[in-house]
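**Q** Given next are the chains, with one letter for each unit.
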Amino acid sequence: MRILLIMVLSLLGCSGSIDEPVSYFNVETPRPFGYVNGDEIPQRIVIETRSGITLQTGSLPAKGQINRWLNLNQVTVKQSGQRYQIDLLYQVFYAPLEVKTLTLPGFTLQLSQGEKSISQNVPAWTFTLSPLRELVVRQTEQGEYLRPDSPPPLLANTQALYGLTASLSIAALIASYLCYLYGCFPNRLRRTVFKRALRKLAGLSKADMEQALTLVHHALNSLNGQPLFANRLSDFYRRNPEYLQINSQLAWFFNYSNRYFFSDGMIVVAQDLQQLKDLCQQCRNIERGSR
Amino acid sequence: MIRTIRHISLWAALAVSLAAFVYSCGTLYGIHHDNNLIRQLISGKDVVINKVISGEPELRLARAFYFKQKHRYDEALSTLSLIMDKGDRDFQAKARYNLGNLYLEQAVQQAKAMNINAAMPLAGLAKQAYRQALALNSGNWDAKYNLEVAMRLLPEMDRVDMPDDSPINQKSQLWTTVPGFPRGLP
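In the order they appear, the protein sequences are chains A and B.
When you read off a place in the first sequence, starting at 1, and then add 11, the result is the number in this note's numbering.
When you read off a place in the second sequence, starting at 1, and then add 36, the result is the number in this note's numbering.
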């Protein structure tokens, strides 16, 4: 038992990680070679601390010139819980004569726990920088070889083209809808005569029989191009032969309408309205070309 | 009533969209015209100056490009200096790179003529312009190359701090240079 207790105590003594203020620390850097003058070098520092310990962002290197050949362009700190991700973006301005070893300077991160301050060193990082030019400089007729000026860019017309297309499309849509409203598409209107009549018929009951009959009359008149009466049905069939197949229903309609409007004591039943709707539906099927 | 309102609003929408169409046509024509001017300047033909002054920054960059081709450095510099803060990041990087080239070309010419005193500040200005261009767009290889040319022309040395340069000495020097009270005539 005593031996076991000693073992447990010694293991607890070895671990020690519970008291470490920084549980994880890593500096991620890209390849340490193959850089040239003007290149950007990103450096990521990931640090995880024990709860209650916060990073002092003031201890991070300041944005701007670090030394003669090194600039720090960007400093970003992302915090998620006790994990800090520090992204630094350096830029090198150095013109070596041959491949040269340079060092990103290290710095000390300050962490604080209440009034207590803890330090964490970020080590210096060494990399090599290569020249872009040869030692014996190339000469041209004008003298030393230089890269030419950047040609001025042309103005982008994408936005104006989008505006043009959008405004033209909207104008065309509105114009065509207005044309439709003003009856500039007679063929199209003629092909939706019974569609519109059906839609209006759907909301009517047998009490509105007069309105229903007027609707169907109006639809047939529109299709005919002039008022259609029972005695002129033969002319109508000559011009619209496809309606000949519902001859009997149309004859019923004219007969019924005649009795409704000109006879006294006519009693309307629901079946009449249904028959009228069926007639209209058949006319619609013919109009659509499905019969 | 509703029908009338619908018709009026439809006609109004049609008028607005047609106005937008006419405006877009005008803008597109303006862009086409400016692009023709830019092409003309790149090909080495000058254009009427009023069009450049009232025009887009791209047009000014093109005119500076034209002046540089004709070795009219002062005019190129004054044209470029007006557009340094205009346009997007990429445009600014281009303008700064061309400014760097403008300084470097003159610095190389002065160095060739052994006017070292004139060449040095020009090379310094060129380096500054290239650095700014690279800070805006680090993928500009031409700027990297020309910056290296400028750096070789004017090598950078780390400042050596001499003990005499320390601020304490400067301070004591300052006191010693304060003139004493006049002693009066003998």
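Treat each hint with caution, since some may be false.
Partial list, computed: chain B residues near chain A (C-beta under 7 Å) [unchecked claim]:
| no. | residue |
| --- | --- |
| 1 | Phe-57 |
| 2 | Ala-98 |
| 3 | Arg-108 |
| 4 | Asp-110 |
| 5 | Leu-113 |
What the hints contain is simulated information worked out from the structure, not anything from laboratory work.
The C-beta atom is built at its ideal place from N, Cα and C for all residues, glycine as well.
**Q** Hint by hint, say whether it matches the structure.
**A** Hint check:
1. Hint on Phe-57(B) holds. Least Cβ distance to chain A is approximately 4 Å, under the 7 Å limit.
2. Given hint, Ala-98(B) at the interface with chain A, holds; its Cβ is 4 Å from that chain's nearest Cβ, closer than 7 Å.
3. With a least beta-carbon distance of about 14 Å to chain A, the hint placing Arg-108(B) at the interface is violated under the 7 Å criterion.
4. For Asp-110(B), the suggested interface contact is broken, since its CB lies about 17 Å from the closest CB of chain A, more than 7 Å.
5. Violation of the interface hint for Leu-113(B) is found here, the shortest Cβ-Cβ separation to chain A being roughly 13 Å, above the 7 Å cut-off.
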